Amino acid sequence: MNSLTKSSLRYLIKHPWQFGLSVLGIAMGVAIVVSIDIANFSSSKAFDLSMNAVAGKATHQIIGTSEGIPDSFYTYLRIEKGYKNIAPVIESYVSLVDTNKKVFKLLGVDFFAERPFRDYLSGAGVSIDGELKNFLTKPNSIILSQESLKSLGKSIGDTIAVLINGTERNLFIAGLITEDEQNKSALENLFIADIATAQELTNKIGAIDYIDIIISNEDEEVKINNLLPDGFALQKSGSRSQTAEQMLEAFNINLTSLSLLALIVGLFLIYNTMTFSVVQRKVLIGTLRSIGVTSNEISRIILREAVIIGIIGTIFGFTIAYFISKFLIVFISQTINDLYYVVSVREIYISPMIIVKGASLGIIATILSAIKPAKEASRVHPRSAMIRSEQESSLLKKVPAMSIAGVVFIVIGAVVLYIPSKNIWLSYFGILPIIIGFALSTPVIIIIVEKIFSPVYKKLFGITGKMASRSIIQNISRTYIAIAALALAVAATVGVGTMISSFRSTVINWLEARLNADVFISAPSLISRRNDAVLSEDILTKIKSLDGVKDINFYREIEIFQEGKRYHLIATGLSKRSYSGFQFKEGDPDEVWNLFENGEIFLSEPFAYKYDLSVGSVLNLKTDYGKKDFRVAGIYYDYASDQGLITIHYDHFKKYWKTEGVSGISIFVDDGYSINTVKEKIQSIETNGQQLVVRTYKFLRDSSIEIFDRTFLIAKVLQILSVIVAFIGILSSLMSLQLERKRELGILRANGLLPSQLFKIVNLQTLLMGFTAGVLALPLGNILAAILVYIINKRSFGWTMQFEILPSIMIEAMIVSLAAALLAGIYPGYKMSKTSPANALREE
Amino acid sequence: MKNFLFIFSLVVLLFACDDKKVIDSEKGVSLSKAMGEVADEDFSKAVDKRKFVFPDDHGPHPAFRTEWWYFTGNLSAGDGKEFGYQFTIFRTALSKEKSERNSEWNSNQIYMAHFAVTDIDGNKFYFDERFSREGNNLAGAQASPFKVWVEDWQIIQIQNEVLFDLPIINVRAKTENFEIDFILESVKPFVLQGDEGLSQKGKQPGNASYYYSYTRLKTEGKIILEGKEFFVNGFSWMDREWSTSALSEDQKGWDWFALQLDDNTEIMYYQMRKKDGTSDVFSKGVFVDETGSSQLIKKDDVVLEVNDYWESPTGEKYPSGWNLQIPSKEIDLKITPAVRNQLMDVAIRYWEGSVKIEGTKSGSKTAGRGYVELTGY
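Going down the list, the protein sequences come from chains Z and V.
The first sequence maps to residues 1 to 844 in the working numbering.
The second sequence maps to residues 1001 to 1377 in the working numbering.
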């Protein structure tokens, strides 16, 4: 190690606060990005694993109509057509009846057809250890993995109570699937049942969900396609999980972008730190230069320091990320389960990509942000090393140019955002120049704010006030970065907060219009935002005939898989009074309902946006009787699904689909009956064990809002995390700033300033900086919010939202800025006031 | 003779962790042990003699644990090419009664089929197996019209005409590279094996099966090997057996012979081998004359010697040539496998193959063809 490196290391060690805070800043930035990546990756990996365990070696699947595939078609393929590599499958979910309501996938298979498909069910070292006889002949028998058995605290021969489609059943544990290391986590959430048992448990007597098939060439594919009746389809076996992942794409991108925001804040911090370390060592650098160290060597020292800080910060970042991700996974999988599909994430998965991305963000970003300070250091002229004011005055000279550049950047950002595109990344990319533009405009804002506040401060706090305010400008080369970093973090808070509240009030308005009934009835569902369980039409008839039921609405939701896409179709049987619950974006409100009753369809706004459809477009759908065209009569506002919905009149639905049962029922209570009486009557209907979820308007509204809030919890968490990063940033830069003014403050003390006055100066100054940051953050925050509401959300999901500025968010933002600044000033202020002038002034 | 085989293979396929390994390490010693894993329940047992009734007894007997429909045959093509085949459908019950359930897939009966063709001139052996449940019509058996099937491998009555209590049947099975499609009609009456159809296998009462055979069925049809079609004719042998019994503790396996001599007579003989290497007293057989009348052959009537061995690629040493003498009938036969490797390397491994016969009968030269089954090696 040469003496230059030693000197640089000694500098870092001698300034542990500065060093530690820069490491922490980078660590936090990296941690947030990486933990979001890990959480996303782990949930998608968990989903993939469970899909793979289910799909096995099948290359394709034959899917049937909405009613599935009749048993006889399978026999026909096997016996008449001699297909050997096919296997029937029933797939469903069950949830435990105990307190934790854990969800398991129920897979119904024919053991004798399994050999070519799922290793864990045949051959290859893995098979069933339990009693085959029970598995095949005893009703409600299942087998599961050792791991699952352990986690349930059960043993073979025990029963376990579960809820399937809202009906409670007792499953008999007949035996074990022996797992190996590879399939272990995939099998953890799996109950395997015989196909007969699965039919009985899921009430799909006579039908199977799909047929797994191994197809080796295209000829065979064509041949099989020709055998399929109307409404059947042959699809690649990965396509089901692909559509599931497509659903999450926008959700994931938005999370990642939020995490990048935290990193940008972190970058400011790094830049700030590195600049400081150069400025503070100007004398040292000047000395080194004068004894013959070249400017290249100087810049190398600085860059090497950046690398060290970057690496240490990144390592810490990964460590922190590991813990944060554990906790983010809970939120993310909750949201996925609320909105999209059932997934259970138990393990953390890290891909090499995540490591590469995290490490390059941490290290390369640190180096990049150190380039300018390194250059600056290399330019230090041995003679001018002592003059700090030179740098300040040079920055002040640059302020007009910077402001112009700032405006140019903002314009560039606006132009990028204006480009019509569905690409979410492009939209986020447009935000970047706007942020840079704001950062570049920060000095001029500081000057303006100071111009205004200097007299006010003088009036309020006397000469110390004026000194406090003036020194912000005197140290503008540092103060502006600290202020910009804080402003950006707070703006992010304002932006995300305003977006969420705008979204929330839009959704509430919509919910209140749409939920225009008194009592809502459905079966218990595993996915909160969707009813995946079905009530029999018999229950519908029974409810219709109850006293006190004035009008009734019902709907059936089904999924249609076609051409690698997954559509949600809602068939509604609406009473006329509920028509008003629909607000149309496109389509003549006087006409649409007539068209609808005549068999045309409505699309929700996100659906129309996603597939570029408008009124008059024709949508081709796979029905149970083959493909049929449907004309679009109207596009309505809807926030129930980001995937979009197709709505069709129930009577027309029944013409094209054989589906039995309804997903949900809502009723209007007759005058003279109390809602609760009717609710109780519904609850006492004889349902053959089918559980009913009966909710009143208020309850359903509130629980919908609760789900909404739960969905955005993760955004809030990220928001808080980026404020923490910003806080660390402001703390480290203000502290460095004040510590650097040691001599200046020493002189003031020597000239008679009291320690308390000194403390006051420091704190008044940081307070003003916080205020300036707040002033900057409010417009930037609202611009960010507007971009999120009008561009990002629109492009991600196709939703139109009402923009709403909440004063409370603005006030909160200002308080956060001031509080962060104040807190950051306390320690340096205290330390400065305690330092004896003699010590502060001693140079050597 | 295959009931043990079937249960064992199911046990192995579905319960054990590595089917091949179980056989390798225990070499069939575990037959009885493995059988013990399927509970005996209260299945019916072959204890008393019964009256055989047709066509009913061609159909399944679900109250017994195991049952099979066994066909082997030796055939020739017009150009003199020779072939052998084995096609067997097995049934096993998981419980005596089928539980009342809603799903069509619900079954307590499992079916397995073994299918093999020997291309004698080409010195090649083709084999495959299938498993299925009875549910959803994937497999099953019925007496009238007679039909036994495991998916598209089937034995089906094709006419109402009945010869010697057996309808004319079509036997067909197909895999990717070999296929058979035959018409079979019996030319002799059925033969009741053992004591009027009750075939005792061990000391314990009930350790027996009900067993009858059609020893000579005229067979015509086609064999397709690797896309090449051969029109063939010759004779088949059909065995029907059902039981709930297991091998005794001291029994290890068996060697089973079904021989069709050119003078229109047949011999069946099975030798139960004990773990100590000796032949069990329950070994027995039957001699069928030209008219179809039969005589029991007891162990003491027979001298059976192995004159050659063959080591399978999987490492077991199988007998591969015999001298079989029945002194009381002046029969002295040399039995040689038509192809050495006729190893059924399926879920459970055994040797089952076409054999050629040469020798003397009452002083004059005789010849014939037949099938031999070797288990527990």
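Some hints here could point you the wrong way.
Looking from chain V toward chain Z, a few residues come up when the C-beta cut is under 8 Å (computed) [said to hold, decoys possible]: (1) 1095; (2) 1108; (3) 1136; (4) 1160; (5) 1164; (6) 1170; (7) 1172; (8) 1177.
Straight-line Cα separation of at most 30 Å, BS3-like style, residue types lysine-lysine; simulated pairs [stated by the list, open to error]: (9) 1174/V / 1049/V; (10) 1147/V / 236/Z; (11) 57/Z / 1365/V; (12) 1096/V / 138/Z; (13) 138/Z / 1098/V; (14) 204/Z / 1098/V; (15) 133/Z / 1228/V; (16) 544/Z / 45/Z; (17) 84/Z / 760/Z; (18) 223/Z / 1081/V; (19) 1317/V / 133/Z; (20) 1203/V / 1081/V; (21) 1361/V / 138/Z; (22) 1049/V / 81/Z; (23) 84/Z / 1045/V; (24) 6/Z / 831/Z; (25) 1361/V / 84/Z; (26) 1228/V / 1203/V; (27) 576/Z / 544/Z; (28) 84/Z / 1329/V; (29) 544/Z / 565/Z; (30) 138/Z / 1049/V; (31) 184/Z / 101/Z; (32) 204/Z / 1361/V; (33) 565/Z / 45/Z; (34) 81/Z / 1203/V; (35) 154/Z / 223/Z; (36) 1222/V / 133/Z; (37) 81/Z / 1329/V; (38) 1096/V / 133/Z; (39) 84/Z / 1147/V; (40) 81/Z / 1361/V.
Think of the hints as simulated: they come from the structure by calculation, not from any bench.
Computed from a prediction, not measured in an experiment: that's the story for all the values here.
C-beta atoms are modelled at their ideal positions from N, C-alpha and C, and glycine is treated no differently.
Verification of the hints:
At about 6 Å, the closest approach between the beta carbon of residue 1095/V and any beta carbon in chain Z falls short of 8 Å, and the interface hint on this residue holds. Given hint, residue 1108/V at the interface with chain Z, holds; its Cβ is 5 Å from that chain's nearest Cβ, closer than 8 Å. With its C-beta approaching chain Z no nearer than about 5 Å, residue 1136/V sits inside the 8 Å limit, and its interface hint holds. Interface restraint check for residue 1160/V: the shortest CB-CB distance to chain Z comes to about 23 Å, outside 8 Å, so the restraint is violated.
Because the beta carbon of residue 1164/V sits about 30 Å from the nearest beta carbon in chain Z, more than 8 Å, this interface hint is broken. Hint status for residue 1170/V: violated, given a least beta-carbon distance of 15 Å to chain Z, over 8 Å. With a cut of 8 Å, the hint placing residue 1172/V at the interface with chain Z is violated, because the nearest CB-to-CB distance is about 11 Å. Nearest Cβ of chain Z to the Cβ of residue 1177/V: about 13 Å, over the 8 Å cut. The hint is violated.
Annotation: proposed proximity of residue 1174/V to residue 1049/V is violated, straight-line Cα distance about 38 Å (limit 30 Å). The hinted pair formed by residue 1147/V and residue 236/Z fails the criterion: a straight-line CA distance of about 37 Å is larger than 30 Å. For a cut-off of 30 Å, the pair hint linking residue 57/Z to residue 1365/V is broken: about 58 Å separates their Cα positions. Using a Cα cut-off of 30 Å, the hinted pair residue 1096/V and residue 138/Z holds, with the two alpha carbons roughly 13 Å apart.
The straight-line distance between the Cα atoms of residue 138/Z and residue 1098/V is roughly 10 Å, inside the 30 Å bound, and the hint therefore holds. Pair hint residue 204/Z plus residue 1098/V holds up; C-alpha atoms about 21 Å apart against a cutoff of 30 Å. A threshold of 30 Å between alpha carbons decides the hint, and for residue 133/Z with residue 1228/V the separation of about 42 Å lies outside it, so the pair is violated. Under the criterion of a C-alpha separation no larger than 30 Å, the hint pairing residue 544/Z with residue 45/Z is inconsistent with the structure, at around 45 Å.
With a C-alpha separation of about 86 Å, the suggested pairing of residue 84/Z with residue 760/Z is violated against the 30 Å cut-off. Taken as a hint, the residue 223/Z and residue 1081/V pair is broken in the structure, with Cα atoms around 36 Å apart against an allowance of 30 Å. Proximity of residue 1317/V to residue 133/Z is assessed by CA-CA distance (about 34 Å); at most 30 Å being required, the pair is judged violated. Annotation: proposed proximity of residue 1203/V to residue 1081/V is violated, straight-line Cα distance about 45 Å (limit 30 Å).
Proximity of residue 1361/V to residue 138/Z is assessed by CA-CA distance (about 57 Å); at most 30 Å being required, the pair is judged violated. Distance restraint check for residue 1049/V and residue 81/Z: the Cα-Cα separation of roughly 43 Å exceeds the 30 Å cut-off, and the hinted pair is therefore not satisfied. Between residue 84/Z and residue 1045/V, the direct Cα distance comes to roughly 35 Å. Violation of the 30 Å bound is thereby established for this hinted pair. For the hint linking residue 6/Z to residue 831/Z, the alpha-carbon distance of about 28 Å falls within 30 Å, and the restraint holds.
A threshold of 30 Å between alpha carbons decides the hint, and for residue 1361/V with residue 84/Z the separation of about 48 Å lies outside it, so the pair is violated. Restraint check: the Cα-Cα separation between residue 1228/V and residue 1203/V comes to about 49 Å, which exceeds 30 Å; the hinted pair is violated. A hinted pair counts as satisfied when its Cα atoms are at most 30 Å apart, and residue 576/Z with residue 544/Z qualifies at roughly 16 Å. A distance of roughly 49 Å separates the Cα atoms of residue 84/Z and residue 1329/V; the hinted pair therefore is violated under the 30 Å criterion.
The hinted pair formed by residue 544/Z and residue 565/Z fails the criterion: a straight-line CA distance of about 36 Å is larger than 30 Å. Note on residue 138/Z and residue 1049/V: the hinted pairing is violated, with a Cα-Cα distance of about 34 Å set against a maximum of 30 Å. Restraint check for residue 184/Z and residue 101/Z: satisfied, since their Cα atoms lie roughly 22 Å apart, inside the 30 Å limit. Proposed proximity of residue 204/Z and residue 1361/V is contradicted: the alpha carbons are some 65 Å apart, above 30 Å.
Of the supplied pair hints, the one linking residue 565/Z and residue 45/Z holds, its CA atoms being roughly 21 Å apart against a limit of 30 Å. A threshold of 30 Å between alpha carbons decides the hint, and for residue 81/Z with residue 1203/V the separation of about 47 Å lies outside it, so the pair is violated. Simply put, residue 154/Z and residue 223/Z have alpha-carbon atoms about 47 Å apart, too far for the 30 Å limit, and the pair is violated. At most 30 Å may separate the alpha-carbon atoms for a hinted pair to count; residue 1222/V and residue 133/Z exceed this at roughly 39 Å.
Our distance criterion of 30 Å between C-alpha atoms is broken by residue 81/Z and residue 1329/V, whose separation comes to about 51 Å. With a C-alpha separation of about 11 Å, the suggested pair residue 1096/V and residue 133/Z falls inside the 30 Å cut-off, and the hint holds. Proposed proximity of residue 84/Z and residue 1147/V is supported: the alpha carbons are some 21 Å apart, at most 30 Å. Note on residue 81/Z and residue 1361/V: the hinted pairing is violated, with a Cα-Cα distance of about 49 Å set against a maximum of 30 Å.
Violated hints for the displayed structure, listed by number in ascending order: 4, 5, 6, 7, 8, 9, 10, 11, 15, 16, 17, 18, 19, 20, 21, 22, 23, 25, 26, 28, 29, 30, 32, 34, 35, 36, 37, 40.
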